[in-house]
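In case you want the letters, here they are:
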Amino acid sequence: MHGLPGAFSANPHARRPGAWGWWLLAPMLAWLLLFVVAPMGILVAYSFGSRGMLGDVEFGFSWDSYARIADPIYLRIFARSIGYAALTTALCVLIGFPAAWFIARRGPGWRERLLLLVMIPFWTSFLIRTYAWIAILRSEGLLNAVLKSSGAVPHVFAEPLELLYTPAAVVIGLVYVYLPFVILPVYASAEKLDGVLIEAAHDLGAGPLRVFREVILPLTWPGVAAGMMLVFVPAIGMFAITDLLGGARVSMIGNVIQNQFTKALNFPFGAALGVVFTLLFVVSFALLQWLGRRKDETAKAR
Amino acid sequence: MSSVLVAPKHEPVSKPSTVPAPPKRASRPGRSGAWWVERGLALWTALVLGFLYLPIAVLIGYSFNQSRLNITWEGFTWRWYGELLSNKPLIDSFKNSLIVAGASTVLAVLIGTTGAWLLHRHRYRFARAIQALVCVPMVMPEIVMGISLLVLFALAQVDLGHATLILAHTTFCFPFVLVAVQARLQGLDPALEEAALDLGATPWRAFWLVILPCLRPAVVAGTLMAFTLSMDELIISLFTAGPGSRTLPMQVYGMAKVGLNPMLNALSAIFVVTTVAFVLFTEHLRRMAARGADTTFSKP
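Going down the list, the sequences are from chains A and B.
Here the first sequence is numbered in the numbering used here, starting from 11 and rising by one per residue.
Here the second sequence is numbered in the numbering used here, starting from 4 and rising by one per residue.
If you are wondering where the hints come from, they were derived from the structure by calculation, not from laboratory data.
We put the beta carbon where it would ideally sit given N, CA and C, even for glycine.
Certain hints may be false.
[What the hints assert, rightly or not] To spell it out: a stretch of chain A is covered by chain B in this simulated footprint if at least three of its residues, at any positions, have a beta carbon under 8 Å from a beta carbon of chain B; those stretches are:
| hint | segment |
| --- | --- |
| 1 | 82-88 |
| 2 | 98-104 |
| 3 | 216-223 |
[As the list claims (entries may be wrong)] Beyond 12 Å from chain B on every Cβ pair, some chain A residues (computed):
| hint | residue |
| --- | --- |
| 4 | A48 |
| 5 | S60 |
| 6 | Y76 |
| 7 | R116 |
| 8 | S160 |
| 9 | W231 |
| 10 | G280 |
| 11 | W300 |
Here chain A stands alone, though its shape is the one from the complex (with noise of 0.2 Å):
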């Protein structure tokens, strides 16, 4: 992610605004305030209040609901959560990269169709997506009956696998979600590498690995750490897929979050554990754009 998405406009032609160029602006302006700016302001407040009597929020100035995180309970659930964002994260650019690569060096025709292929299921709602794999996976589910006639499962384990509810399932739908999400922008920029490069690497005596580490990891590498962003910040909070895939027994940090505003009604610790899930996402944000400068300055070097 080099620059912000749409990165601002260099019209030669821009002049300054008068009032009126304020004025017009002012509504959206306002937007933001109150709409992003503001609620991220007062949920950092609300972390630092206490929980009153009746569920309400008595603002002030603790620090217990952040202590309260350090919990060896929750502090697992963190760690549990960021691992299988981390191995959703994993899988969707090894799974990912090779087909996206292939996409970007056919011809037009092909590449278009076949990127149409990967766009369909980027736009098919992810509540579908993920309810699919609740019909693969259960145990009267079509895995399980094509195991069984294809006498995969010798027939001394009668009982059927049980997959579904599972930290399995978990990880293969956030991967099946998330997948677009990788082949999209690792095609974004593998479309855009020169295949000269590659012909010149390769004359140059360059076996293939050395190649791919020197050539065109580094090229690709601005849309690999997009996708990376785009798999796991998302995969860290996203409590709908571990709700549906891993039942009650796979509990994420978004489902901790969700519980506190929705059943324990406990906004100070809910508004902590969202203040620290945005400072980790910060965090990891920051870290790609230093790695992708770092890997930018290394190829400039060269």
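Go by the hints and put chain B onto chain A.
Positioned in the frame of chain A, the structure of chain B alone reads:
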């Protein structure tokens, strides 16, 4: 959904495909390493696409199965589609979704289009900060946006309902419209507005009669995107909807939590068909825009 992040939602498509196909390697006798790598990649891509489509295909197939439990195929039926249409909570939630998506799309297009134009034509102080702020709702994790809006509404003592949903959805939809329009503006000849002004148009007329028609493909694409994002949104809606304003994804989520439901299979099939139509239509628009850009007022 997801906001996810990301302008990338449309970025890859909106790019003109100008990169030439990689040069063909000189044909070598025999099957070289590169040939095998190519074969392997083709197979891998086929497997990945199979992985992406198999579950959807299974779902669509099941939606025509007479069996309620879907263990075996018991014959073809339209029954589940019929039940879908007579399921009142589902129809109500669909209506709610349409109201929310319709209203947020209108607001998002208004704010996004004017915002993009103003940021393009003026050199504001803090322009970079404003641009970064616009991108925040696109990259922010949905759950954080959901809970932060919830605490805002709680503090302001606003009852959750259609209005709060519309406010929340507009907030994450308009940046996508803005970025789409901005991309189009960058390809536009900057002298266009000056010419209109020199010919005596007021800035308002210049925008309405000259600029806006040029932006139409981007505005249409932004509209479609905002509508789809809003129709799909689950996480933010869960925190900002009231009891009387459950949206379709919320209803589907509730049903899916209980387990398999043949009606959901039918609904999924409809979703998938709608998405295919949507993707093909946007693709068509994109091509028209790419062709149009050659002739109408693009940068020399």
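Hints, verified against the model:
1. 82-88: violated (count 0)
2. 98-104: violated (count 0)
3. 216-223: Coverage by chain B is violated here, the residue count being 1 at a Cβ distance below 8 Å.
4. A48: violated (6 Å)
5. S60: holds (15 Å)
6. Y76: holds (16 Å)
7. R116: Nearest chain B Cβ is 7 Å from A/R116, so the label is violated.
8. S160: With a cut-off of 12 Å, A/S160 remains clear of chain B, as the shortest Cβ separation is near 16 Å.
9. W231: Correct as stated: the minimum Cβ-Cβ distance to chain B is 15 Å, above 12 Å.
10. G280: violated (6 Å)
11. W300: holds (16 Å)
The structure fails to meet hints 1, 2, 3, 4, 7 and 10 from the earlier list, while all remaining hints are met.
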